Amino acid sequence: KAGVTQTPRYLIKTRGQQVTLSCSPISGHRSVSWYQQTPGQGLQFLFEYFSETQRNKGNFPGRFSGRQFSNSRSEMNVSTLELGDSALYLCASSLGDSSNQPQHFGDGTRLSIL
Amino acid sequence: GQQVMQIPQYQHVQEGEDFTTYCNSSTTLSNIQWYKQRPGGHPVFLIQLVKSGEVKKQKRLTFQFGEAKKNSSLHITATQTTDVGTYFCAGRVRGGSNYKLTFGKGTLLTVNP
Numbered sequence: 001k002a003g004v005t006q007t008p009r010y011l012i013k014t015r016g017q018q019v020t021l022s023c024s025p026i027s028g029h030r031s032v033s034w035y036q037q038t039p040g041q042g043l044q045f046l047f048e049y050f051s052e053t054q055r056n057k058g059n060f061p062g063r064f065s066g067r068q069f070s071n072s073r074s075e076m077n078v079s080t081l082e083l084g085d086s087a088l089y090l091c092a093s094s095l096g097d098s099s100n101q102p103q104h105f106g107d108g109t110r111l112s113i114l
Numbered sequence: 001g002q003q004v005m006q007i008p009q010y011q012h013v014q015e016g017e018d019f020t021t022y023c024n025s026s027t028t029l030s031n032i033q034w035y036k037q038r039p040g041g042h043p044v045f046l047i048q049l050v051k052s053g054e055v056k057k058q059k060r061l062t063f064q065f066g067e068a069k070k071n072s073s074l075h076i077t078a079t080q081t082t083d084v085g086t087y088f089c090a091g092r093v094r095g096g097s098n099y100k101l102t103f104g105k106g107t108l109l110t111v112n113p
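Heads up: the sequence lines are chains A and B, in that order.
FYI, in our numbering the residues of the first sequence are 1 to 114.
FYI, in our numbering the residues of the second sequence are 1 to 113.
Wrong hints could be hidden among the right ones.
As the list claims (entries may be wrong) - If the Cβ cut is set under 7 Å, some of the chain B residues that face chain A in the computed set are:
{"#": "1", "residue": "Y99"}
{"#": "2", "residue": "K105"}
{"#": "3", "residue": "G106"}
The set of hints was computed from the structure by calculation and includes no laboratory data.
If you're wondering where the values come from, they're calculated on a predicted model, not measured in any experiment.
From the three backbone atoms N, C-alpha and C, an ideal C-beta is built for every residue, glycine too.
Just chain A, with the same shape it has in the complex (with noise of 0.2 Å):
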């Protein structure tokens, strides 16, 4: 079984800009949640969608947004880019609640922001 992936690895961007980070869940997997690690806050919860629905957000500005398709693949979006944001972005899925069920996390993007 294909574990879940993101797309793509690394990316190099700049302040103002726009990006859109990719996720594939495991097969059969509708729970997607998204995280920011970074070395000083460890792992931050972003959202989560279940089903093509947000279900549920952390506190990360509006500039951070985020959907999933109806085949559980999701996609998030941040936009004027701040060098702050500079992270590595997981993704994890579980077949429900993604807070009583293991996540499975991908091997993550990493962004830069020059």
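Model the placement of chain B on the given structure of chain A, informed by the hints.
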């Protein structure tokens, strides 16, 4: 703000020594999960604890969930170099109308061979 605190932030041990990381929450957790992230890798699920006072073992790893369901620990007996990585706890807390997982900041374990 961060509701799940994890200590210590770093731990360096000699191979063969034991290691423990602790997770504490300001609120009661409905469950707690543990993950391991190897350097350069992604978090990998280890276990989920649900019941008050629950203890689970995986070979040299022992996981405990406190009686009040506000704290948890992961203990590794006789560490090996393969245990190197960051160990995260994640507690299930209510966030609005749904539950969400809140991760601790992790404990980075290094092992001197």
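Status of the hints after comparison with the structure:
1. Evaluation of the B:Y99 hint against chain A yields a held restraint, the C-beta minimum of about 4 Å falling below 7 Å.
2. Because the beta carbon of B:K105 sits about 4 Å from the nearest beta carbon in chain A, less than 7 Å, this interface hint is met.
3. Interface hint at B:G106: satisfied, since its Cβ lies 5 Å from the closest Cβ of chain A, which is below the 7 Å cut-off.
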